[in-house]
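Chemist: Between the sequences and the hints, there should be enough to build the whole structure, so can you do that?
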Amino acid sequence: MQSIRISAKTFEDFAKSFKDPLLTNFKEYLSWMRRMSILKTFWCSEWRSLGYLGLKRSGGLIGALRLLRVKIAFHGHGAWRGLRERGEIQDIFLSRWEKNYLQNLFSRAEKTFSRYGLKDFGISEWKPESWKSLEECGFSPYARSVLITWDLKEEIPKQGNPDVEIKPASRSDLSKLRKIQLRSWGFFIPPSFKHHLILIAYLRGEPIGSAYLNPHTGNIDFGVHVVKEFQRMRVGAAILRSAREGIPRLGIQEDVRRQGFKSPNKGE
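Take 1 as the starting number for the sequence shown in my numbering and just add one per residue.
Derived from the structure by calculation, the hints contain no laboratory data.
Warning: the hint list may mix true and false statements.
Said to hold, decoys possible - Straight-line C-alpha distance at most 27 Å; calculated DSSO-like pairs for lysine-lysine:
#1 LYS9 with LYS111
#2 LYS132 with LYS16
#3 LYS27 with LYS153
#4 LYS71 with LYS9
#5 LYS71 with LYS127
#6 LYS111 with LYS71
#7 LYS40 with LYS99
#8 LYS40 with LYS179
#9 LYS228 with LYS167
#10 LYS167 with LYS179
#11 LYS127 with LYS99
#12 LYS56 with LYS19
#13 LYS176 with LYS228
#14 LYS27 with LYS9
#15 LYS179 with LYS99
#16 LYS71 with LYS119
#17 LYS194 with LYS27
#18 LYS16 with LYS127
#19 LYS176 with LYS194
#20 LYS167 with LYS153
Modeler: The structure is reproduced here in structure tokens:
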């Protein structure tokens with residue numbers, strides 16, 4: 001059993017055999033991941049590919065993964081104290097989740113990261129069957145994230161508040177967006193007018209909710225926000241319905257998926 005460098009095409013062909021819904025089109029998946037990096041989370045911060053590793057036995061491929069160099073966002077410094085960049089392993093595919101398979105691949109990955117001057121690396125993995133094997137290899141979870149997707153063909157169960165009006169926002173609305181988020185979750189993340197379609201919900205002329213729709217990914221970046229006094233008044237449902245109406249016009253394909261992303265950090 002030997003870990004070797006493989007091409008992107010070899011990785012793609014091997015990964016497709018697992019019928020993962022996110023990797024049905026590998027080029028689109030990588031583009032989606034790059035666009036998602038605006039979130040600066042542990043699993044999709046700004047990244048650069050360092051290639052692909054494969055695990056070979058008796059002439060056939062039995063495992064593969066992606067190697068990345070990622071920037072550490074400000075809110076990730078707690079887990080990666082003192083580091084600006086780190087290595088990252090993603091999209092692990094194995095014929096069987098076995099400890100020795102992972103150890104073989106990780107040993108080669110660690111050497112590769114070292115050659116690029118990266119002292120530490122993490123692993124982002126959403127397949128639940130992988131988590132036990134990763135912990136058996138000595139990795140411990142340091143962060144979790146949930147990606148929830150919705151089928152655009154399905155009806156949203158709740159009707160939106162009929163008195164809520166949804167309007168697109170511009171730069172002149174930044175102060176409104178700030179007030180909404182501060183009164184929703186206590187801090188403000190500015191939108192990107194280059195990357196976002198920004199929606200503001202108004203009730204009797206008062207701005208009470210917002211969302212940033214990313215037309216490149218179909219994601220609502222940083223969530224749907226509603227001022228606390230107006231929560232449980234179907235304002236969020238009104239925003240979701242408006243966002244969904246915008247998605248088909250922007251040419252985004254739906255992908256039904258609910259997964260947890262769990263990143264073990266070696267040595268944590």
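Chemist: Give a verdict on every hint.
Modeler: Results for each hint:
1. LYS9 with LYS111: Holds - the C-alpha atoms of LYS111 and LYS9 are around 23 Å apart, at most 27 Å.
2. LYS132 with LYS16: OK: LYS132 and LYS16 at ~23 Å, within 27 Å.
3. LYS27 with LYS153: Cα-Cα ~25 Å, so holds.
4. LYS71 with LYS9: OK: LYS71 and LYS9 at ~26 Å, within 27 Å.
5. LYS71 with LYS127: Roughly 24 Å separates the two Cα atoms, so the pair holds.
6. LYS111 with LYS71: 19 Å, holds
7. LYS40 with LYS99: 30 Å, violated
8. LYS40 with LYS179: Between LYS40 and LYS179 the Cα gap is close to 23 Å, so the pair holds against 27 Å.
9. LYS228 with LYS167: 20 Å, holds
10. LYS167 with LYS179: At roughly 16 Å apart (the allowed maximum being 27 Å), LYS179 and LYS167 satisfy the hint.
11. LYS127 with LYS99: Satisfied, since the Cα-Cα distance of roughly 15 Å is no more than 27 Å.
12. LYS56 with LYS19: 20 Å, holds
13. LYS176 with LYS228: The given pair, whose Cα atoms are some 15 Å apart, holds under the 27 Å limit.
14. LYS27 with LYS9: 10 Å, holds
15. LYS179 with LYS99: Outside the cut-off at roughly 50 Å; violated.
16. LYS71 with LYS119: Holds. LYS71 to LYS119 sits at ~13 Å (cutoff 27 Å).
17. LYS194 with LYS27: 22 Å, holds
18. LYS16 with LYS127: 15 Å, holds
19. LYS176 with LYS194: 19 Å, holds
20. LYS167 with LYS153: 23 Å, holds
Violation of the numbered hints given earlier is confined to hints 7 and 15; the remaining hints are satisfied by the structure.
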